[in-house]
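Trainee: Sequence:
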Amino acid sequence: MRALSVVLVSALALGACSSGGSSETAADSKSCAPSEGNVTLTYTTWIPGIENVVKVWNDKNPNIQVKVQTGPNGNGGTYANFFNQLKAGNAPDLGHIEYDALPSFRVQDGLTNLADCAEVTAAKDQFVDWTWGQVTFGEENSVYGIPQDAGPMALFYRKDLFEKNNIPVPTTWDEYAAAAEKVKAAGGYITNFSQSDINQFAGFAWQAGGRWFANDGSKWTVNLQDEATTKVAGYWQGLIDKKLVSSVPPWTTEWDNAYNTGQAWTWTSAVWGANSIMSGAPATKGRWAVAPMPQWTSGATVAGNWGGSSTAVFKGSKHPYEAAKFALWLNTSEEALTLLNKEAQLYPATKAGAKLPALSEGVEFYGGQKIYDVFATASGQVAPDFVWGPTMTSTYATASDGFKAAVSGNGTLLDALKTTQAKTVENMKSQSIPVAE
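Mind the numbering: the sequence shown is residues -18 to -1, 1 to 419 in mature numbering (1 follows the signal peptide of the UniProt record, and there is no 0), read in order.
Please keep in mind that the hints were generated in silico from the structure rather than gathered at the bench.
Glycine included, every Cβ here is placed at the ideal spot set by N, Cα and C.
Heads up, a few of these hints could be off.
Unchecked claim - Restraint ranges, calculated between C-beta atoms of paired labels, are given here:
{"id": "1", "residue 1": "K300", "residue 2": "K224", "range": "52 to 62 Å"}
{"id": "2", "residue 1": "E325", "residue 2": "N205", "range": "34 to 44 Å"}
{"id": "3", "residue 1": "P16", "residue 2": "N55", "range": "31 to 41 Å"}
{"id": "4", "residue 1": "N123", "residue 2": "A167", "range": "52 to 62 Å"}
{"id": "5", "residue 1": "N392", "residue 2": "P16", "range": "55 to 65 Å"}
{"id": "6", "residue 1": "N239", "residue 2": "E163", "range": "21 to 31 Å"}
Based on the provided sequences and hints, a complete structural model is requested.
Mentor: What follows is the structure, encoded as C-alpha cells:
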C-alpha cells in the first residue's frame, strides 16, 4: 500500500480538492504536544449509545472532556457536513469515518497526521494488521485515524433447513452454486443479491483478490474490471440469470421478511450481520449458524471485509494530542470496547478485542454457537492491501444504478462495472486527481 500514500501526496501537491491548508507531513506531526489547561473536544459520530461510552471517559478525565455530536451515518449526510465544516474551518476535533471514505478526506487534506501524538505509532501492534493499513495508507510515519471496528465476513446459514434437506454447508463457491440449485428445488433462494449496497460486492471482490485502485507513484489506476472482480461478477450474474437468488432491496421490510419466513437461506455478511438477522428475522431464533466464507479454491482460507470505521482527528483541531489520547482509549481500552460492543455491537479492530468476554460466549439466537470465534479467525484472513479510491461515494452510486438494472434484466453486472469505472475516472479527473489512461 506504499503507492497509495505517494499518490495521495501527489494529488495534494497538485491542489486536488484542497481545503486550502498545506499538506501535513510526518515532520509537522511532531508539533503534537499536550495543551495547557483544561480541554474540551468535540466528536461527531453515529454510533448508537456512544454517549454512555464517552461518559466513562469524561468521569475519569476531568481535564479532557469530550462533547458528543450525533448525526446520520456517513453517506447519509455526516460526511457532507464534515467537508463543509472543513471548508469553513469549524470541523469537530474528531470524526467517525469509515475506511472506504478515509482516502476522500486525505486527498482533501482534511486529516491530522497522528504519528507522533500520544504514542499512537506504539499502538500499531494492538490492531489487526489490515485495519492499521487502512488508516496509514502504507505511508511511513503517518497515521490518519485510529481503527475502531472491522467487518470480517462469514456465511450465515439456516442450519435447520440445510439439515432437513440434506444439503451440505458449502465450503467453496462452486459448492455454493450447487447448493443454490437444491435450495431452489426446495422452494427457497440461497440468498438475496444486494442490488444497491455495493459494499458487499466489494467484500466479495476483496476476498477473490480484486484490487480496484492502485497507482504508479504519480497517478491513480482504476480497475473495477480486473480478473478477480470479473470472475466474481460473472459468478453472481450466473446465479441471477438462473433465478437462484432473490434481489429484493436490502434493509427493507421485504428483505427482512425473506429471512424471517425462510425464503432466503444464507447471507454472506460481516460480523455486524449477526445483529441484523436477530432484529430482522426474530421468528428464526435458534435456527441459524455461522460458517467460514466459501472459498474460490478448495482448502484456501481467505476472507473478505465489509465495513469498518476509524476515529480521525480533523485538520485544524487545536488539541490533537488530547484528541488522539481519547481516540486511543475509545478503541483500545477493554472498558470502552466492551461498551461499544454492548451498545452498538461493534466488532473491535484490536487483536485483544476479539477476546472480550462478550465475544467469547455462545449466542442463544445462533443455537449457542460461539459465532465470534468464526469471525475472529476471518479477521486474520483479510488481505491487507485492498485500496479504496478517493471518490467512493460516487463510485458506489454509479455501481448501484448498474446493479439495479442488471437484476432487472437490463444489462449485466459486468456492464455496470464498466460504466462505473468510466464514470469514476471522469469524476476523479474533474477534481484534478491524476488518473492513468
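Trainee: Okay, N239 versus E163 on CB: inside 21 to 31 Å?
Mentor: 24 Å Cβ-Cβ, so the 21 to 31 Å window holds.
Trainee: Could you tell me whether the CB distance from N123 to A167 stays inside 52 to 62 Å?
Mentor: holds (58 Å)
Trainee: Quick one: are E325 and N205 within 34 to 44 Å, going by C-beta?
Mentor: holds (39 Å)
Trainee: Do N392 and P16 keep their Cβ atoms within the hinted range of 55 to 65 Å?
Mentor: holds (59 Å)
Trainee: Using the C-beta atoms of K300 and K224, is the stated range 52 to 62 Å upheld?
Mentor: Taking Cβ atoms as reference, K300 and K224 lie about 59 Å apart, which means the hint holds.
Trainee: For the range 31 to 41 Å, tell me whether the beta carbons of P16 and N55 fit it or not.
Mentor: holds (33 Å)
Consistency note: the structure conflicts with none of the earlier hints.
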